[in-house]
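Chains as they are written, first to last, in numbering that gives the first Met the number 0: chain A, 0 to 121; chain B, 0 to 350.
These are computed hints drawn from the structure, not numbers from a lab.
It cannot be assumed that every hint is accurate.
[What the hints assert, rightly or not] Capping the alpha-carbon separation at 30 Å, the derived lysine-lysine pairs in DSBU-like fashion look like this: (1) A/Lys93 <-> B/Lys138; (2) A/Lys70 <-> B/Lys10; (3) A/Lys32 <-> B/Lys14; (4) B/Lys296 <-> A/Lys93.
[What the hints assert, rightly or not] Calculated Cβ distances over 10 Å to all of chain A for the following chain B residues: (5) Val7; (6) Arg76; (7) Gly285; (8) Met317.
[What the hints assert, rightly or not] Here are the in silico distance ranges between beta carbons for each label pair: (9) A/Leu33 <-> B/Ser161: 28 to 36 Å; (10) A/Leu113 <-> B/Ser127: 45 to 53 Å; (11) B/Ser161 <-> A/Ile108: 24 to 32 Å.
Fair warning: this is a prediction, and the values are worked out from it, not measured in the lab.
Each residue gets a CB set at the ideal place from its N, CA and C atoms; glycine is no exception.
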Amino acid sequence: MLSHPTLMTSTEHPYSLEELKVVSEDSIEVDDKLSHVRVVFTPTVEHCSMATIIGLCIRVKLMRSLPSRFKVDILVAPGTHETEASINKQLNDKERVAAALENPNLLEIVEECLSPSFQTWT
Amino acid sequence: MELLDSNVDLKELQKLQGHADRVWGLAWNPAPHNCGGASAMLASCSGDKTLRIWQMGPTHRLDCSTILEDTHTRTVRSCAWSPCGKFLATASFDSTTAIWKYVGGDFECVATLEGHENEVKSVTWSSSGTFLATCSRDKTVWIWEVQPGDEYDCVAVLQGHSQDVKMVQWHPLVDVLVSVSYDNSIKVWAEDGDSDDWHCVQTLNEGSSGHASTVWSVAFNSSGDRMVTSSDDLTLKIWDTSSAISQTDTEGFASWRHLCTLSGYHGRTIFSAHWSSEGIIASGAGDDALCLFVEEKGNSIEEPSYRLLLKKEKAHDMDINSVRWNPKDQRILASASDDGTIKIWEVREIS
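Just chain B, with the same shape it has in the complex:
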């Protein structure tokens, strides 16, 4: 049964409380079975300077199993799991990125990546497991190579953005990186075939049908041929890349074109958007609302377009900072808010 054709609702399954300040970021462990056999593990990071790990127990509810504190000295803004699920990276306003390793039931800080001049805003692991990327208000994007023995070498400091870089995200299939910024642009970075030099291969700004204000987030669909960006300009934009080239060719992921703009759905800054493996886009904004969008099945001659599937007003009491689909259960969505809570939702078809 296709989700596209049915009516859906968003059922609140659980509300996770505990953080003492706004929750900025969320990350579902992609391989929770590698961390003690949990069926689901969610990491959350906060203005309270801690990272919390929530694990699903036998009751099918998430309980807080670990609090990683006394490491970062300021807000923890973003967190990301390695593809193997055994490492967690946390990016902080204290200008460092900490790497945590799951060791015998606990998490140990095994490395601290330093170098950014001020607040680190985002961290992301490549699906190859080879690279990490971080970005900062210092306008740069750093690429780190993972070495044996929990060593991380900085292999590139990418300059190009003219302002604060809000988020970085690796492509799901190839080692191509996308960054979004307060300078209103989206940049695509890739390694030069021979020279191992990273450079900007594309910039999507207002002239290329890009955003008119700060771009806050970027997310790819599972096949990696589309990405969605969200902005302070109150829109979501969908970008498409030609799949004429084989999917393993990096070049094929360096020419993105604007496909569609979703506007009029949120009344305030859209802080986050995420794409489920099933193709549902979730967005969370400063209007406290959560929206779901799907591709419109229409005339094959026309340009693909997206339609609103559902809008949940007052999903939280305050701004929504992050929305993340559970990679292991594609109908489960987590949202994090300025209200200090995390909510777990289930998309259900209703007859």
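For reference, chain A alone in the conformation it holds in the complex:
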């Protein structure tokens, strides 16, 4: 993943989510001092499970790129999804996320989505 100049600030690792084509520059807030990152993403498809998977991919990518001190909140852009409260709750429940990532099928999907060869979302 390419690094994004304005997101570098004083974080130790570069990261970029534009390749996922769901996140724009304005929708990532980093507070290095508080070790807090907030990502707001717009799912490109209406389907609920896709939005959850995208959110999960973002979380995994950040988990692997950022120092462990960072607290990450991932939210669906308001007004873009019918069940956004329910998606947000799942994406920010670390126990649910941990269990999901122990599901081999789900993990395979996430790994595939994050692999460098995965260029576009259909």
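With chain A's structure known, arrange chain B on it following the hints.
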């Protein structure tokens, strides 16, 4: 000398390392002398799929004496000792609950409780030793009766929560069970006097001054007339039950009312809270901080309230998932974290 009136600090006595992933749960053995004469025994469970047992040796430090592995195939989320201290139950994301028995210096898996449709989140033994309870993302709470010969019979599958059930905890004195959930509610379950049917006797939700988001934990005080719950809504809530009825009456523990809400102390989800036998409430959260609270001694006319005794910022490098007071030494506290470590603390009065 009353702890309430002094200044205290939290001294880090030891850091236990070894788990290869986040530590989710902790449990102090209530009767360690029944397990080979150890003065203290702590069980810890982890995302690394193992359970570790730490024993206090002659040096007064805890060393890892046993690793229970190759049983659960996914995260071990919760562990609990039986009241006699000879059995340990482990609840896993692999949807099973394993029962381990202390046999001649080692732990043997003597039973596997199956039935939940997906991840088991919590397991608890009743103080009577008669029952076990488990809960799961499948929204149910199961009650198991302990039979002779290491047999466990499921006696109830309790439905009522509309979402993932995060934790279950038996009342310290009577066979009353409390469950807390992702559906933001707290439910109290008891057996019907005559019919042996378990049912929900009370639900505490946002309407009853309950939580506004996922409730992660519940813990009782030693006398069983108060309980504390912790939530993703960043608050701790204290609940009280009328003690007008004799303490052995189950009904007396089925009507809880909101007493007090502690807010503004943690900036992220509060994953765990535990009550010491001395009355100190410890809480651990996603802000890496550990807090201690005590009851405010005030005007007897006013409603009881609680105040912050101490806040330890950066108690760990990452989220704190569990805090547990040592039942044998009421000033000793253990905390478990996403950072893979367990810390042992001592509450000390400072002059």
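Hint check:
The hinted pair formed by A/Lys93 and B/Lys138 meets the criterion: a straight-line CA distance of about 18 Å does not exceed 30 Å. Note on A/Lys70 and B/Lys10: the hinted pairing holds, with a Cα-Cα distance of about 26 Å set against a maximum of 30 Å. Restraint check: the Cα-Cα separation between A/Lys32 and B/Lys14 comes to about 26 Å, which is no more than 30 Å; the hinted pair holds. Using a Cα cut-off of 30 Å, the hinted pair B/Lys296 and A/Lys93 is violated, with the two alpha carbons roughly 37 Å apart.
For B/Val7, the condition that its CB be more than 10 Å from all CB atoms of chain A holds, with the nearest at approximately 27 Å. Remark: the non-interface label on B/Arg76 conflicts with the geometry, its nearest Cβ contact in chain A lying 8 Å away (cut-off 10 Å). Here B/Gly285 does not stay apart from chain A, with its beta-carbon only about 7 Å from theirs, under the 10 Å limit. Non-interface call for B/Met317 relative to chain A: violated, since the shortest CB-CB distance, roughly 6 Å, does not exceed 10 Å.
In this structure the supplied range 28 to 36 Å holds for A/Leu33 paired with B/Ser161, their Cβ-Cβ distance being about 34 Å. Between A/Leu113 and B/Ser127 the beta carbons are some 50 Å apart, a value that agrees with the proposed interval 45 to 53 Å. In this structure the hint that B/Ser161 and A/Ile108 lie 24 to 32 Å apart at CB holds, the actual value being about 27 Å.
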